[in-house]
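Undergrad: On the provided structure of chain A, position chain B as indicated by the hints.
Those sequence lines, one after another, are chains A and B. Numbering-wise, the numbering used here puts 766 at position 116 of the first sequence, and it's gapless, one number per residue. Numbering-wise, the numbering used here puts 396 at position 126 of the second sequence, and it's gapless, one number per residue.
Errors might be hidden in some of the hints.
Claimed, not checked - PhoX-like mimics (lysine-lysine), calculated; alpha carbons at most 25 Å apart, straight line: (1) LYS447(B) <-> LYS558(B); (2) LYS764(A) <-> LYS751(A); (3) LYS693(A) <-> LYS558(B); (4) LYS751(A) <-> LYS300(B); (5) LYS361(B) <-> LYS373(B); (6) LYS693(A) <-> LYS652(A); (7) LYS558(B) <-> LYS446(B); (8) LYS374(B) <-> LYS361(B); (9) LYS446(B) <-> LYS764(A); (10) LYS361(B) <-> LYS693(A); (11) LYS764(A) <-> LYS300(B); (12) LYS693(A) <-> LYS709(A); (13) LYS709(A) <-> LYS652(A); (14) LYS652(A) <-> LYS717(A); (15) LYS446(B) <-> LYS374(B).
Hint data in this document are derived by calculation from the structure and do not stem from the laboratory.
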Amino acid sequence: MKTIDITQILSSDLKSRLRAHDLELFIRNSGEDTVVLDFSHVKFATRSFIDEFYNLFLKTPSVHPFKVEITNVPEDINTMLEAVSQTKTRAKTVSSHIPEKHFQNVDELLEYLKTAPL
Amino acid sequence: MVINEQINISDDRLVDGIIPVINIMSQVNKSPDESIVMDFSQTRFISPVFALSLIVYLSCCGKRLTYQGANDYLELIGLPFGGICPDKMRKSAFLALMEGYSKKTYIPIVSFPACSENDDKEAISTVVENIIIRQQNIPQNVATGLKFMIEETLDNITEHSESDRGFIFAQAYPQKKYLDLCIADRGVTLLGSYQKLPDNEITSDLEAIKAANRGISSKNLPTAENRGFGIYTSKRMLVEGLNGQYLMISGNNFYFKRQGFDSFYGLPVGLRWNGTIVALRIPYNVSKFNYINYIE
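For reference, chain A alone in the conformation it holds in the complex:
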């Protein structure tokens, strides 16, 4: 088992889905059976990164020959992990009542844009 500071491999700002794949390759190449990813120095993460991270490492059943655990996860990152885990099984909220307006010509569009309460 090996503990890795995730910010040493990626960054203290965890951005983009592709970075999660870089991390996967790193862990695979390490040859370790179990890796503990330490989040204590993470300052920021996008939902996209967390979503991909969840897909690659935490969703069961795992498709990897290695196991990943996480530790020292900041509260906001933990909230994000919980959110992405729940959206896998929950339908997205849809707002079906939003009005739409179509313009036949440029003059009509410009008149609207200049006067509408936008």
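TA: Chain B in isolation, oriented as in the chain A frame:
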């Protein structure tokens, strides 16, 4: 053809920035000329929405373009030539250049490589975000939300747009305690990105912008990433959390949302942006805001 619009955009409304662009688009569409001269000599004050929606339109309009008459401010923000390209300079040179804006109320237009394999985008966005936050001393709670909104929008460009480059531009209004931020690409549009999906059911720009903004349902992808949460979450943070405004333009439609109002709009035939433009009006002095409350 010479285009010489009188352009002096106030910040009263976020959407005001697209009005002169629509005028320009209409003139270009009607003209049989293959060459366009954009004369900025009557341009005084612009907004991020104006700048990036113009850049996206002109870069895809199929005409030969030249520029003239730009004042010092327009040259400083890089409008005539499409912004500064950090990937074409040393990282330290970009950092030094951006430091020169640390005491201003705006950043220059930054044109970044949108290819997913390019590492530069993250470093570029970090520098841009830090300068914006420092310029107005944006409190930490809003700063994290700002970074979230910027990064989710940039992710969409990288993952879905197939654009060669993206653009970011911001202008703050310290008296009013908000900043206008615009991020754009000249890629395949929302419709184009949906059309790449297997079992796609979305066939128009209107359906695409509605799907991206949860106006109609689109399929969850059970074995891949869930699309659309970045836009939805960013919008909720901005409009519900910060009382801000959200404008999205893609193809021949646009969408606007603020508290108490939202609507989709279909443009007249012939008016079209070959790309996607997202503009945010972000109030930054909101003490009770916590971005994590809007994550789902």
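Undergrad: Each hint needs a verdict: does it hold in this structure or not?
TA: How the hints compare with the structure:
Annotation: proposed proximity of LYS447(B) to LYS558(B) holds, straight-line Cα distance about 15 Å (limit 25 Å). Taken as a hint, the LYS764(A) and LYS751(A) pair is honoured in the structure, with Cα atoms around 15 Å apart against an allowance of 25 Å. Proximity of LYS693(A) to LYS558(B) is assessed by CA-CA distance (about 20 Å); at most 25 Å being required, the pair is judged to hold. Restraint check: the Cα-Cα separation between LYS751(A) and LYS300(B) comes to about 24 Å, which is no more than 25 Å; the hinted pair holds.
At most 25 Å may separate the alpha-carbon atoms for a hinted pair to count; LYS361(B) and LYS373(B) meet this at roughly 20 Å. Between LYS693(A) and LYS652(A), the direct Cα distance comes to roughly 22 Å. Compliance with the 25 Å bound is thereby established for this hinted pair. Only pairs whose Cα atoms come within 25 Å are accepted, and LYS558(B) paired with LYS446(B) is accepted, the gap being roughly 18 Å. A threshold of 25 Å between alpha carbons decides the hint, and for LYS374(B) with LYS361(B) the separation of about 21 Å falls inside it, so the pair holds.
A C-alpha spacing of about 22 Å is found between LYS446(B) and LYS764(A), which places the hinted pair at or below 25 Å, so the restraint holds. For the given pair, LYS361(B) sits about 22 Å from LYS693(A) by alpha-carbon distance, which is consistent with the 25 Å threshold. Of the pairs offered as hints, the one joining LYS764(A) and LYS300(B) holds, with about 22 Å between alpha carbons and a cut-off of 25 Å not exceeded. Note on LYS693(A) and LYS709(A): the hinted pairing holds, with a Cα-Cα distance of about 23 Å set against a maximum of 25 Å.
For the suggested pair LYS709(A) and LYS652(A), the alpha carbons sit about 20 Å apart, so the restraint of at most 25 Å is met. A threshold of 25 Å between alpha carbons decides the hint, and for LYS652(A) with LYS717(A) the separation of about 11 Å falls inside it, so the pair holds. Pair hint LYS446(B) plus LYS374(B) holds up; C-alpha atoms about 15 Å apart against a cutoff of 25 Å.
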